[in-house]
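These protein sequences, in sequence, are chains A and B.
Using numbering that gives the first Met the number 0, you'd call the opening residue of the first sequence number 0 and step up by one each time.
Using numbering that gives the first Met the number 0, you'd call the opening residue of the second sequence number 0 and step up by one each time.
No lab work stands behind these hints, which were simulated from the structure alone.
Just so we're clear, the structure is a prediction, and the values are computed from it rather than from any experiment.
Cut-off 16 angstroms, straight-line C-alpha distance, at most; resulting in silico cross-link-like pairs (EDC-like, lysine to aspartate or glutamate):
| hint | chain 1 | residue 1 | chain 2 | residue 2 |
| --- | --- | --- | --- | --- |
| 1 | A | LYS223 | A | GLU160 |
| 2 | A | LYS299 | B | GLU83 |
| 3 | A | LYS299 | B | GLU44 |
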Amino acid sequence: MLKRTPLFEVYRTYEGAKLIDFGGWELPVNFSSGIIAEHMAVRENAGLFDVSHMGEVTVEGETSEAFLNWLLPNNVKGMQENQCLYSPMCYPDGGVVDDLLVYKYNRSKYLLVINASNVEKDYKWITEENEWVKKESNLPKFENLSTSMSSVAFQGPKSTEYLAEMVGKEVNDIKFFYFRDDLKINGLDCIISRTGYTGEVGYEIYVDEKDAPALWSYILETTKDKGVLPIGLGARDTLRFESKLPLYGHELTKDITPLEANLGYFIDLENDDFCGKDSLVKQKQNGIPRSLRGCEMVDKGIPREGYKVFLDGNEVGHVTSGTKSPMLNKFCGLVLIKRDLGLKLGDEIQIDIKGKLKAAKLVKTPFYKNI
Amino acid sequence: MNIPGDLKYTEGHEWVRVEGNVGYVGITDHAQHELGDIVYVELPEIDTEIESKEEATNIESVKAAAPVYSPVSGKIVKINEDLEDNSELMNTDAYGAYIFAVEMSDLSELDSLMDADAYKEFLEKE
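This is chain A alone, in the form it adopts within the complex (with noise of 0.2 angstroms):
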């Protein structure tokens, strides 16, 4: 039996929704618009996703904010409260367990919200297995309450005049990065982060599962005449994929560093202790083996996951995405590759498509940047 949102009940209803099983999630891939048209709505304009699949954990308690900066290669230790973090967590190999948002209320009081595929991993992961649970006894209190929260993002360049609309002015103060927990939408009480999943300006909003449904309505309904759509999980990737924002299980696995990513950006090497951190000051110093790079086709074809990539008859790496970007109209791939092939942009590499060598050329990332 598949999982289901609070939502589902809603969108089950709309004409054109196509439901597919992600993960053990029932979740639309399109609704009636279908996948481009929807990408291209977020792009100009502003979509609404429903992402209540993703999991949240709260971490309460005084030693909170010291095992989180244990726990994460990210510096927790230097957030603001109200302020939000990406990073990724690592296992002490360096590998990859999750990637995760971390919302700060306070030094002691903290919310992760992790991938709905990974939640029961995660959760065993943080409260567990772990070496610093294992040997602290003063341990924060954790709670698992991916189901009985509900999200729902709200992305595009007209997102922050829309919501505004809907919630008052106070939303053009959120900074990027940042939330608040005492704004409310239609009488519901939520919490707003200015962060998203696709390179545009947008938020993503925490209510109680009972409320979803009527904020979800609340919000098409009243932008219904700005063109403002629902959007699947099929544009979603799309549009994280141009932004070269990772997905675990693609780029990010238990086998890829968050370095060979190039998520470097996100790993605070002059932290105190974390997990994982020898593996990757040692891998950083003895060279990091692959890279996470770009490529647009130059012949036909789409890469896709798992292809294998050549370089003059060697193997060389894997693509872990790739698609037609719906902005530049070309096929595109992230592949990860050896590093020390001293490739520049430009350069010609092959991807096997089907049993036949395809040329296709290192570009810059993001695919496509806007803000």
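Please arrange chain B on chain A, whose structure you already have, making use of the hints.
Coordinates of chain B only, in the frame set by chain A:
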């Protein structure tokens, strides 16, 4: 769902339009709807000999690739080059956008394909 009466259909949601001994092959309105936005059509090579039910080519939507099987045996004599740069025709004009045409070597194969009524019934059961 649009199902023209003058075509033959397969369980894999391909259609064939017969003109003399040539069969034009495309995918049905149902198939394009299931696939979503089609962004790439790999065209087969002209003069390829192909068997019925053999994979002739691939079409790719934003999310995934889907094989297209030839409903009939014979030689590929024509390909629809318009699709190279306008793959969206597969979505907007499913029955106009043939992918390839086969000079059929065995016209009796057509008897094993579904007519519009049978295909409609097949879709309802699927």
